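*Asks:* Residue numbers (the working numbering), protein chains in the order written: chain Z, 187 to 591; chain A, 92 to 432.
These are calculated hints, taken from the structure and not from any lab test. For clarity, every value in this text was computed on a predicted model and none was experimentally measured. Built from N, CA and C at the ideal position, the CB exists for glycine as well. Hints should not be assumed to be uniformly reliable.
[Unchecked claim] Over 12 Å on every C-beta distance to chain A, these chain Z residues come out as not near it, computed from the model:
#, residue
1, LEU236
2, SER325
3, ILE350
4, ARG435
5, PRO557
[As the list claims (entries may be wrong)] Derived BS3-like pairs: lysine-lysine, alpha-carbon spacing no greater than 25 Å straight-line:
#, chain 1, residue 1, chain 2, residue 2
6, A, LYS189, A, LYS260
7, A, LYS189, Z, LYS299
8, A, LYS189, Z, LYS240
9, Z, LYS240, A, LYS198
Spelled out, the chains give:
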Amino acid sequence: MEARAATEARAAAEARASAGRYPAWVLGVIPLALIALALAAFALLDGPGLGERKGPPVEELAVERTVLEPGRIDLTVRNDGPDDVTIAQVIVNDGFADFATGDRTLAHLDTTKVSVNYHWVEGDAYDIQLLTSTGATISHEIPVAVETPEADAGFYGLMALLGIYVGVIPVALGMLWLPFVRRIDPAWLRVLMALTVGLLAFLAIDATLEGIEVAGEGSRALGGASLVLLGGITSYLVLSGVEAWLQSRRRQAGPAAGAHVALLVAIAIGLHNLGEGLAIGSAYAVGALALGAFLVIGFALHNTTEGLAIVAPVAQRPPRLRRLALLGLIAGAPAILGAWIGASAFNASVAAFLLGVGAGAIVQVIQQLSPSIRDRAGRALHPASVAGILAGFGVLYVTSLLISV
Amino acid sequence: MLAALAPALGAGAVARLGGVDLGTAPARAEQHEHGNGAAANGHEAVPDHPSFQAGGRVDHAANGFDPTEVLRDFDHGRTRRLASGRTLRQWELIAVDKEIEVAPGVKFPAWTYNGRIPAPTLRAREGERLRIRFGNGSNHPHTVHFHGIHPAEMDGVPGIGPGTIAPGKSVTYEFDAEPFGLHLYHCHVTPLAEHIARGMYGAFIVDPRDGRPEADELVMVMNGFDTNFDLQNEVYAVNTVGFAYMNDPVRVRRNELVRIYLVNVLEFDPINSMHVHANFFHYYPTGTSLEPVEYTDTIMQCQGQRGILELRFPHEGRFMFHAHQSEFAQLGWMGFFEVVA
Numbered sequence: 187m188e189a190r191a192a193t194e195a196r197a198a199a200e201a202r203a204s205a206g207r208y209p210a211w212v213l214g215v216i217p218l219a220l221i222a223l224a225l226a227a228f229a230l231l232d233g234p235g236l237g238e239r240k241g242p243p244v245e246e247l248a249v250e251r252t253v254l255e256p257g258r259i260d261l262t263v264r265n266d267g268p269d270d271v272t273i274a275q276v277i278v279n280d281g282f283a284d285f286a287t288g289d290r291t292l293a294h295l296d297t298t299k300v301s302v303n304y305h306w307v308e309g310d311a312y313d314i315q316l317l318t319s320t321g322a323t324i325s326h327e328i329p330v331a332v333e334t335p336e337a338d339a340g341f342y343g344l345m346a347l348l349g350i351y352v353g354v355i356p357v358a359l360g361m362l363w364l365p366f367v368r369r370i371d372p373a374w375l376r377v378l379m380a381l382t383v384g385l386l387a388f389l390a391i392d393a394t395l396e397g398i399e400v401a402g403e404g405s406r407a408l409g410g411a412s413l414v415l416l417g418g419i420t421s422y423l424v425l426s427g428v429e430a431w432l433q434s435r436r437r438q439a440g441p442a443a444g445a446h447v448a449l450l451v452a453i454a455i456g457l458h459n460l461g462e463g464l465a466i467g468s469a470y471a472v473g474a475l476a477l478g479a480f481l482v483i484g485f486a487l488h489n490t491t492e493g494l495a496i497v498a499p500v501a502q503r504p505p506r507l508r509r510l511a512l513l514g515l516i517a518g519a520p521a522i523l524g525a526w527i528g529a530s531a532f533n534a535s536v537a538a539f540l541l542g543v544g545a546g547a548i549v550q551v552i553q554q555l556s557p558s559i560r561d562r563a564g565r566a567l568h569p570a571s572v573a574g575i576l577a578g579f580g581v582l583y584v585t586s587l588l589i590s591v
Numbered sequence: 092m093l094a095a096l097a098p099a100l101g102a103g104a105v106a107r108l109g110g111v112d113l114g115t116a117p118a119r120a121e122q123h124e125h126g127n128g129a130a131a132n133g134h135e136a137v138p139d140h141p142s143f144q145a146g147g148r149v150d151h152a153a154n155g156f157d158p159t160e161v162l163r164d165f166d167h168g169r170t171r172r173l174a175s176g177r178t179l180r181q182w183e184l185i186a187v188d189k190e191i192e193v194a195p196g197v198k199f200p201a202w203t204y205n206g207r208i209p210a211p212t213l214r215a216r217e218g219e220r221l222r223i224r225f226g227n228g229s230n231h232p233h234t235v236h237f238h239g240i241h242p243a244e245m246d247g248v249p250g251i252g253p254g255t256i257a258p259g260k261s262v263t264y265e266f267d268a269e270p271f272g273l274h275l276y277h278c279h280v281t282p283l284a285e286h287i288a289r290g291m292y293g294a295f296i297v298d299p300r301d302g303r304p305e306a307d308e309l310v311m312v313m314n315g316f317d318t319n320f321d322l323q324n325e326v327y328a329v330n331t332v333g334f335a336y337m338n339d340p341v342r343v344r345r346n347e348l349v350r351i352y353l354v355n356v357l358e359f360d361p362i363n364s365m366h367v368h369a370n371f372f373h374y375y376p377t378g379t380s381l382e383p384v385e386y387t388d389t390i391m392q393c394q395g396q397r398g399i400l401e402l403r404f405p406h407e408g409r410f411m412f413h414a415h416q417s418e419f420a421q422l423g424w425m426g427f428f429e430v431v432a
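Given the sequences, and given the hints that come with them, work out the whole structure.
*Replies:* Written as structure tokens, this is what we have:
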């Protein structure tokens, strides 16, 4: 009996000793290596026991970008399906067309550019069919043919101007409410903060819906609408981390609660405006956007309220002018960047992700702002705050009627 | 015209135009035909005519038939004299499932007679006894239904006489060659549209007892292919391969009588048509009369309709022929006659 116990104890000790001979990371890597080995063997043996897949290949192509130049239509095509796809011919409006392409055969997720020689006519609609080697057709529609603007200095200048008009100036104007919000009664300030929450919630919903819509145009294999959620969760978590970091620094350096909430609001609105700029730029590139006073006025009214959202948290301890200007730039300037990206390198999957990033950032900021709308009893949803939130919705709903991108 | 084209062609083409003498009309025409902005676009060339991707060719050898050979390929079968003194003419048709390249790089899973589309052009003389052995080597049930005058059990339709011929089975159809004219044969198994659109059809010529005047004779079967099975054709053609006669024009001799046996089997579209450029032809609907009914340059046929065209080309050069539905023409149903001395 005793001997057996001693043997067991010795065995356990030996096991510990032998395990201890290897560093922990080796033990962590061994399963990984075995998984890799098993998968490699499985792939080399061509999936033993599974046999051939039934039916014809699944051919899916997504057209990610369309560029129209005189006499030419360039499509950036991605293989969205599991099987190889070979583009054999191109049909434009019920007629075969000459085209050039780099790689005719695309593996899963491969992309290529298909340059179609075609004397398209401005304002006409075009149905382009990519005819694959198996005879399948993938249809891509150009609702209204407009020459894609050339990405030169003048074009980037125009996009920058557009970004300043719809992003920077309105936000700066909105921040002029600072003297007003400083003077008002705390109860009214709570209403104002609630209004801000309403504004932001509307923007978050808007960005999410738009992201899902944009994702529908892009590659489904890259995630589709789930990219919006991924973007949202990512930005929410990153901003939460930043917020926690700011808080730990504040404890060391003394209180400045309003200032860092204002910074977070500015970042969130900046991310939102990046998405807005993206939408404007891409709409401009495909000729779907009439640049005009009406559009700029609409966006200005829409975005002025965003300035209010930045200054409301710092009503008690207003920062210096330079810092305010910086906050305004953080919130407004990304519209310029968005317009550049949207007009020159629009990719529906990236746009969907970025719109999700904007939405997630806003949700995080709403969480930050919510303590400031609590009344003395500690309730967040008291009649005044509910009225403020609904008013925020109302303001943005009405101003959003003025713009359609 | 040139001025309108110039902006679309881009800077390269304009620069090239600047280098030539635009003072004379022929120079302009030359530019229009060949100046297609290749330099401007960085591509080989914008094609002058509707075509597939420049340089693309169908592998006729892999298909097992060449549209240029199909034109003048008449299958007279094997003959022997019966005791009665009549001629017995015999053919064998085998149904085969086969992949056919109908446009460069585009394969169509076809059902065929004898591995080709259109099926062999069977040619007999009025009054002969015809015997056609049909073996079904396809994975699907088929028949052979001939247009002509014959007994019910020889009609090649399901449920009558031998009816549907299952895979691996065979049957012999036998009837008299009548009336003279241009006819066709095709599979008659349900679903009809699919059995025809997959490629099971061919021309069937019954020559008049005394024949027709000597001519350069051509068979043209107007067809199309629904490659993505959406009940619409992606590729249109005569004798299967789109634009085949754009790349290899149909060579004919100047002033020689040309006789075209034209059959329309196009599925999914209600009608088809043929138009010959810079010429007129005499038209013999169904070929059942020796007198033409019309002198024209464009005729129209519904599915199963056919007729004989007779014409002479008085001028040398290239002359287009195509469906006068522009859509069909741009999707492959277009070719050239090359008239030589």
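*Asks:* Look at each hint and say if it fits the structure.
*Replies:* Do the hints match the structure? See the list:
no. : hint                : in the structure
1   : LEU236              : holds, 24 Å
2   : SER325              : violated, 10 Å
3   : ILE350              : holds, 33 Å
4   : ARG435              : holds, 56 Å
5   : PRO557              : holds, 59 Å
6   : A:LYS189 / A:LYS260 : holds, 18 Å
7   : A:LYS189 / Z:LYS299 : violated, 32 Å
8   : A:LYS189 / Z:LYS240 : holds, 19 Å
9   : Z:LYS240 / A:LYS198 : holds, 19 Å
When held up to the earlier numbered hints, the structure conflicts with 2, 7 and fits the remainder.
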